[in-house]
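Chains as they are written, first to last, in this note's numbering: chain A, 26 to 184; chain B, 32 to 296.
Since the hints were made in silico from the structure, they are not lab data. Treat the hints with caution; some may be incorrect.
What the hints assert, rightly or not - Under 8 Å between C-beta atoms, here's a sample of chain A residues computed to sit facing chain B: (1) Ala69; (2) Thr75; (3) Val104; (4) Met180.
All values reported here derive from a predicted model rather than from experimental measurement. Note that the Cβ used here is the ideal one computed from N, Cα and C, for glycine as well.
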Amino acid sequence: MSVKVSMKVNGKPVAADLEARTLLVTFIREHLRLTGTHVGCDTAQCGACTVLMNGKAIKSCSIVAMQAEGADILTIEGVAKPDGTLHPMQAAFKENHGLQCGFCTPGMVMNALDFAKSHPDPTEEEVRDSLEGNLCRCTGYHNIVKSIMAGARAMAGKP
Amino acid sequence: MHAFDYHRPSNVKEALALASRKDEGRYLAGGQSLVQAMKLRLSSPTDLIDLNAIGDLKALKAESDAVTIGAMVRHAEVAASSGVRKAIPALASLAGIIGDRQVRHMGTLGGSLANNDPAADYPAAVLALGATIVTDKRKIEADKFFKGLYETALGPGELITAVSFPVPKRAAYMKFKNPASRFAIVGVFVADFGGKVRVGVTGAGPCAFRQADMEKALAAKFAPESVASIKVKADGLNSDLHASPEYRAHLITVMAKRAVEAAMK
């Protein structure tokens, strides 16, 4: 069965005829060709596929595209300014060397963006808690935690 | 994932009508268990009836004697609700440690109960608080809802619309979680209604159950030492690569003790 799906992705209205079983991440990567959203485990463990749906972090491999019908989706491609200026959270990852191979980074950044909205000055423990759904197989968590703490403060305009 | 037909009813009546016409149809709530099961082809419904557009299932009402939560209310919403945090803080904090934050943004109360995963968190609270599960047809007492492994009292096409939780005097939930999946290896919810105590255990058996010996001991005296010496039998408890039945039996006592301590704070 094919279905019509329409949503906003990174501020742009998009629509398509899809097979009903198309996952949101498949729609994002293969139909919209936004390949910054990664598929790591495909079993909802790793969080590399994290995007924001109506401002909230979700795993795009765990829902079918139709569950995002009418929603506002933000992927890693929509985070920096159009002129390439990094978002403060991205800048914090760069500054603090919060990535090694970089595969998990888009999911980490997307989850952190949502988390930082409610935690303008998070503790290390809060950040580690917030990363329960994101895995880094380089195990570079230490600098990821540092990056998110710095990024959250930067987003809140704190030094 | 096998192909299926997708439906998006806008009210409960439409959802029920669809379900009655589709023998192998399934309701889709947050999809955090169902979509994964479909990807693994453990579940292959012919039709998915998506409940996301039904506003009536998303109400949350916290009153002084009961908290009523719509079936489609997300775990994150329960965790953040000031009404739930005030009336039954233990229920809000349980919702806040289900899965991870991405899962909590999608997963729903109704979906969790209908799925009845043996290691899900909510069933422990539903049993310990003596909640009532409201469906399109009837009201089901918590004690009659959980029937076995992934098995509930729900009939074909029956839809959970809301769950009503009585407000206890004090309560707490303690979970010994699997560090990778965050599911409960054992979770114990203790609720004191002033002389009447209920203890709900999840993760340990084929489905959540009450622990009568502990309830009796805690009703006599609500203190950690009342349960500390109770030895739970390992017969019939779950065995998997994470824990043996004996280990789970031991954890029930440890988690119950910690839950009582937390409830007294």
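The hints, checked one at a time:
no. : hint   : result
1   : Ala69  : 6 Å, holds
2   : Thr75  : 6 Å, holds
3   : Val104 : 17 Å, violated
4   : Met180 : 17 Å, violated
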